[in-house]
Structure formats: C-alpha cells, structure tokens
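Protein chains: 2
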Amino acid sequence: MMQIIKNKNEISRIVGKLKKEGKKIGLVPTMGALHEGHLSLIKRCKEECDITIISIFVNPVQFGPNEDFARYPRDFERDREMASQEEVDIIFYPEPGEMYGDRHLTYVNVEKMEKIMCGKFRPGHFKGVCTVVLKLFNIIIPDNAYFGMKDFQQLAILKKMVSDLDINIQIVGCETVREPDGLALSSRNAYLNQEERKNANILFQAINLAESEVRQGRSVKTARISAVKMLKECSFVKKIDYFDIRDPVELKALKNPGKQNMKILIASAIWFGKTRLIDNKVVEMSQNQS
Amino acid sequence: MMQIIKNKNEISRIVGKLKKEGKKIGLVPTMGALHEGHLSLIKRCKEECDITIISIFVNPVQFGPNEDFARYPRDFERDREMASQEEVDIIFYPEPGEMYGDRHLTYVNVEKMEKIMCGKFRPGHFKGVCTVVLKLFNIIIPDNAYFGMKDFQQLAILKKMVSDLDINIQIVGCETVREPDGLALSSRNAYLNQEERKNANILFQAINLAESEVRQGRSVKTARISAVKMLKECSFVKKIDYFDIRDPVELKALKNPGKQNMKILIASAIWFGKTRLIDNKVVEMSQNQS
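As they're listed, the protein sequences go chains A and B.
Going by our numbering, the first sequence runs without a break in its numbering and finishes at 296.
Going by our numbering, the second sequence runs without a break in its numbering and finishes at 296.
In case anyone wonders, no lab produced these hints; they're calculated from the structure.
Certain hints may be false.
Since the list gives no way to pick out one identical chain from another, each pair is judged satisfied if it fits inside one copy or across any two copies.
[As the list claims (entries may be wrong)] Listed next, the in silico DMTMM-like pairs over lysine to aspartate or glutamate satisfying Cα-Cα at most 25 Å (straight line):
id: 1; residue 1: Lys280; residue 2: Glu92
id: 2; residue 1: Lys25; residue 2: Asp149
id: 3; residue 1: Lys156; residue 2: Asp247
id: 4; residue 1: Lys126; residue 2: Asp253
id: 5; residue 1: Lys269; residue 2: Asp108
id: 6; residue 1: Lys121; residue 2: Asp108
id: 7; residue 1: Lys26; residue 2: Glu185
id: 8; residue 1: Lys269; residue 2: Asp74
id: 9; residue 1: Lys26; residue 2: Asp172
id: 10; residue 1: Lys244; residue 2: Glu217
id: 11; residue 1: Lys118; residue 2: Glu104
id: 12; residue 1: Lys156; residue 2: Asp250
id: 13; residue 1: Lys23; residue 2: Glu239
id: 14; residue 1: Lys165; residue 2: Glu117
id: 15; residue 1: Lys258; residue 2: Asp108
id: 16; residue 1: Lys14; residue 2: Glu256
id: 17; residue 1: Lys29; residue 2: Asp149
id: 18; residue 1: Lys121; residue 2: Asp157
id: 19; residue 1: Lys165; residue 2: Glu16
id: 20; residue 1: Lys287; residue 2: Glu181
id: 21; residue 1: Lys12; residue 2: Asp172
id: 22; residue 1: Lys118; residue 2: Asp108
id: 23; residue 1: Lys165; residue 2: Asp108
Turn these sequences into a full structure, and let the hints steer you where they fit.
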C-alpha cells in the first residue's frame, strides 16, 4: 500500500525505522508531471532497492523570476495513480512551506560548473537544485538516488556535490527515454503545440550530426558549426542558448575530442517556439576513430 | 584507549559500527592548539554522549590569502596529550589532501549572515567554516556537535545551516571560558606579547560597559559610542573592525534593545597590536530595565 507523506519529520521517522530493519532505501526526486522517463527511474530504483520513495516537489528556488514556475505542469492525482501502478512505496509530497521556512538563507553552490551551459542562462538554477536535493537527502537519507541523464548538467553537478561534501549516497544516472522520433521525454514537452511537436526532434538530430562529425575525426569547432547550422535552418528554433562539446565529468570545454576511449558530452539548449528544450548525448570515442 | 584516525572512510566505518551498537556520538570540531575552552567543550560532550570524537584540522578554506593560516599554532603532540587526559575516544586528524580533493568546487553559503560582522572583514571565512563542518558532519554523522560561544557568529551561522538544510544533528553552544582578568581564551592569544596580554582584557571590559549602558536604558547607539571610546583610548587597539549590538539568532542589527526578556548580542572584533581578537556577550534584558 503506497503511503503519501507531506511532513518531513514523519518521513524521516518512517525511513529511519525501515533502515533499522535493514532495508535499502532508494529515492527518485521529481517535480511531478511524471512521464515514462520518471517511470524508468522508478523501475531502476525498484530493481536495486527494497524501498522506493519518490518526492514530488516543484522547487520554487530553482526557477528564475521570469521562468515557468507558475505554469509548470502539476497534476498530483495523475502522478499518484502512475506511481501506484509502479508500486512505489512512499510519495513524499511536501508543501513549499514545509521545505522552506520564513527566512531560508542557506544554499549549496558547485562553483564553476553551475555557471556554464544552462547555468549561464538560468542564474541560480543549480544552486536551487543542489539545495533542495541536499535537503531531501538529509530528510530521507537514502542509500541510492536516481536522476535522468536528460538533465546531464544537473546529474554531473549533483555527483560533484556528493563527492565534495562526503555525502554517503550513491547517485545513479539513468539513460534518457525518447519518443520514437528521438525527442527526449520532458514534462515541458506538454508546452509544445502539434506543429512544434512534429519538428521538435531537430534538437536530437543536431546532436547526432555533431556526434557523426566528431566520430569522422572532424574538430569540435566544425562539428558544432554543422549542428548549429542545422538548428538555425529550422524556423521553430528561436534561439540557441548553447551547443557545447565538453568532458562529461567536470564539464570542461573540449577542443580536441579525438582521443580513443575518451568520453565526450554533446549538449544543447534551445528555445523552440516559447518552450526551452534541452538534450545531450555522451559519446565514447572508439579506437578506430581518429 | 584513544584512537587517532587520519582517513575519512576509516572513521566513517568505525563510527557506523558504534552507532549500530546504539552509542550516542558527540563531535567537537577544532583546529587544534587546544586550550581550556576546547576542554570545556570536550567535558560537556563526554557528559552528554557515549563516544567523544574531536577533529583537529586547520581548515585552509576558512583563511583569507593574507590571514594567519601558515603561522596558526600547531602542536599535535601537545593536543594529543591533552585529549588523552580528557579521555577523548577518537581524534580525527586528516591531512588537507584527505579533506579537499584536487578540484573542490562545492561550498555552503549562509547568505546575509555570512556577510556581516566578521564576515565583512574576512570574506569567504564562513563559507569555509560551513563547508568543512558539513563535510565533518557527513563523514562522522554525530548526534551532537559542540561549539564555543566565543565564536558566536560561527555558532549562529552553523545553527542556521543545520536548520535550513534539515541536518539531523544537535548543535550545542558552550559558554566562553575566560582568563581571571576576563580575556576570552583563544588559540590566537599565543600571538600576544607580555605587554599586550596585560591589556588585552580591554575588549571584554568594553563589552561589559556596553552591557551596563543598555541595562541602564541607554540606546544601542549610546552604548556603542561609550564602548568604542573606551577601546580607542587603549594604545594597543589599532583598529576596531566592528562593535555591534544584534539579535543573537539571525544577527539582525538592533536599534532598541529595551524590551523585557529580550536577548541581545554584544559582539566586537578588534586588532590588538598585530593580533585580531574577538569577543561577545549575550545579555538577557530583565523586566526592571528600561
């Protein structure tokens, strides 16, 4: 029987009891509006842990003043039904006032990594993400926590936070789930109209083009130019926030990804109509490629 | 038999085992150069906990580039002997490389509170303190942690951090230990020459003067002017970084401390010769005053 808990002290108490019984605890932090991507995280968590907890909390602190906090899709009944079908054990569903007191002042910053890529265009976003995730970790104290690779920068930053702060929690990154045409699943895809939706896979196509070019031995610069050209030819693409090729651990910019066995991250964020889309791919350069 | 542990994974393992046995764990974080002030924290910890751990780590991240990191007093053998006499169970004594990897990027900021008082004159100091304390908390996961009220701003900031981040650790603030003439014990008192030492209690005297004035119903402004005047008349006082009267929880500046039962913090930092001294007093205004 799935439990829905809104109070942080109560969930701490419940999880503390389960841990004393020797149960392995898995946490899937979400902002709700669940889709197949979230369900894949839940499935992985259920495979690896005894107890699967999902949190549903649209974290105000990670939205900028002109971003989509107010209109972010919320449908708790639908989320509850989906979680129940996946046999989630506990939903942690706090109110904003439960998570942030009257005068919250403490924030976690992963310097440098929080200022690039999406961080450059969403100032304060990753500070908000790190702070709420650390709070969830401290409230629930899971053994494992599951995040999608779709938000690759978030995943890399959280791994760095956990390592730098000596947090004894395993961060598990899970493969991006895609629509048949390649579009990465995202709660924000709900903002796309029919015509936009038909064309929205251009982002993944451009990433694949860049991949193909670096695999053929072209430079990062050349691959990037080709991908940006493809994006610009699509009339729905209003702005390219970034199209970057970086190392996938510390997100440092790469100039020459040609070395064998090296992993490279190709990541981009674009404005597609009025919707901001992000996507990425981690590519392992094999020996045969220059 | 007191254990000395240098490795963070090892101490995590040892403490984890003790916790499973139901032991209550107390941590006294220090930078070494132990004095009676530290010993009072250790004694309190031993009263309240089953296992008393002290950490000795001169944290480079909380020192500014022109501060006294290099010359900060270090004498591990003496510290070890003193801890042993107090029957400390474990000393955690990591090398800097054990605490900070090659590229540490994650920091904890308690905004606003970190920028005032000492934070105004030591930029980055409290960020360094919060980060290392959170790391120690995550490595050791004590039930209680003990800090002196001599570093009152540090204590208030750490309490705020623990509350804001939902950290399940009790922060215990312990009374400042003083020399017979009133000088607050500090490892930095070792920097004072004989003549300076004779006069260094002027800081506590000035704080007591301000206390007496507010108790007599004078305004914060008047009390502050009297105390600053007393400090300026002492030739060893080279600079007054601040002399502040604030609320002792969130450290907001107070204009009128006259209300009954209200607690006020009187806190100051001065340069005494080439040594920076800090001190403070928390005063409870009683019904009969003002």
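Taking the hints in turn, this is what the structure says about them:
For the homomeric pair Lys280 and Glu92, neither the shortest alpha-carbon distance inside one copy (33 Å) nor that between copies (66 Å) is at most 25 Å. For the homomeric pair Lys25 and Asp149, the shortest alpha-carbon distances inside one copy (9 Å) and between copies (17 Å) are both at most 25 Å. In this homomeric assembly, Lys156 and Asp247 come within 25 Å of each other (Cα to Cα) only inside a single copy, at 16 Å, whereas the closest approach across copies is 49 Å. With identical chains, the CA atoms of Lys126 and Asp253 are at most 25 Å apart within one copy only, with a shortest distance of 17 Å there and 37 Å across copies.
When the C-alpha separation of Lys269 and Asp108 is checked against a cutoff of 25 Å, the pair qualifies only between copies, where the shortest distance is 21 Å, while the shortest distance within a copy is 44 Å. Proximity of Lys121 and Asp108 under a CA criterion of 25 Å is satisfied inter-copy only: 20 Å between copies versus 27 Å inside one chain copy. Taking CA atoms no more than 25 Å apart as the test, Lys26 paired with Glu185 passes in neither setting, with 41 Å inside one copy and 47 Å between copies. Proximity of Lys269 to Asp74 under the C-alpha cut-off of 25 Å is found in neither arrangement, the shortest distances being 33 Å within a copy and 43 Å between copies.
In the homo-oligomer, the alpha carbons of Lys26 and Asp172 lie at most 25 Å apart both inside one protomer (22 Å) and across protomers (20 Å), since each shortest distance falls under that limit. In this assembly of identical chains, the alpha carbons of Lys244 and Glu217 lie at most 25 Å apart only when taken from the same copy (23 Å versus 63 Å across copies). In this assembly of identical chains, the alpha carbons of Lys118 and Glu104 lie at most 25 Å apart only when taken from different copies (22 Å versus 30 Å within one copy). Taking identical chains as interchangeable, the C-alpha atoms of Lys156 and Asp250 lie at most 25 Å apart only when both belong to the same chain, with a minimum of 15 Å there against 49 Å between chains.
Taking identical chains as interchangeable, the C-alpha atoms of Lys23 and Glu239 are never at most 25 Å apart, the minima being 57 Å within one chain and 62 Å between chains. Taking the shortest Cα distances, Lys165 and Glu117 sit within 25 Å of each other both inside one copy (13 Å) and across copies (24 Å). For the homomeric pair Lys258 and Asp108, the shortest alpha-carbon distance between copies (15 Å) is at most 25 Å, but the shortest distance inside one copy (37 Å) is not. Proximity of Lys14 to Glu256 under the C-alpha cut-off of 25 Å is restricted to the inter-copy arrangement: shortest distance 23 Å between copies versus 32 Å within a copy.
Taking the closest pair of Cα atoms, Lys29 and Asp149 come within 25 Å of each other both inside a single copy (9 Å) and across two copies (22 Å). In this homomeric assembly, Lys121 and Asp157 come within 25 Å of each other (Cα to Cα) only inside a single copy, at 15 Å, whereas the closest approach across copies is 33 Å. Within a single copy, Lys165 and Glu16 get their C-alpha atoms only as close as 27 Å, which misses the 25 Å cut-off; across copies the closest is 22 Å, which meets it. Taking CA atoms no more than 25 Å apart as the test, Lys287 paired with Glu181 passes inside one copy only; the shortest distance there is 10 Å, against 56 Å between copies.
For the homomeric pair Lys12 and Asp172, the shortest alpha-carbon distance between copies (15 Å) is at most 25 Å, but the shortest distance inside one copy (28 Å) is not. Taking the shortest Cα distances, Lys118 and Asp108 sit within 25 Å of each other only across copies (14 Å), while inside one copy they are farther apart (29 Å). Within a single copy, Lys165 and Asp108 get their C-alpha atoms only as close as 29 Å, which misses the 25 Å cut-off; across copies the closest is 15 Å, which meets it.
In this structure, the hints that do not hold are numbers 1, 7, 8 and 13, in rising order.
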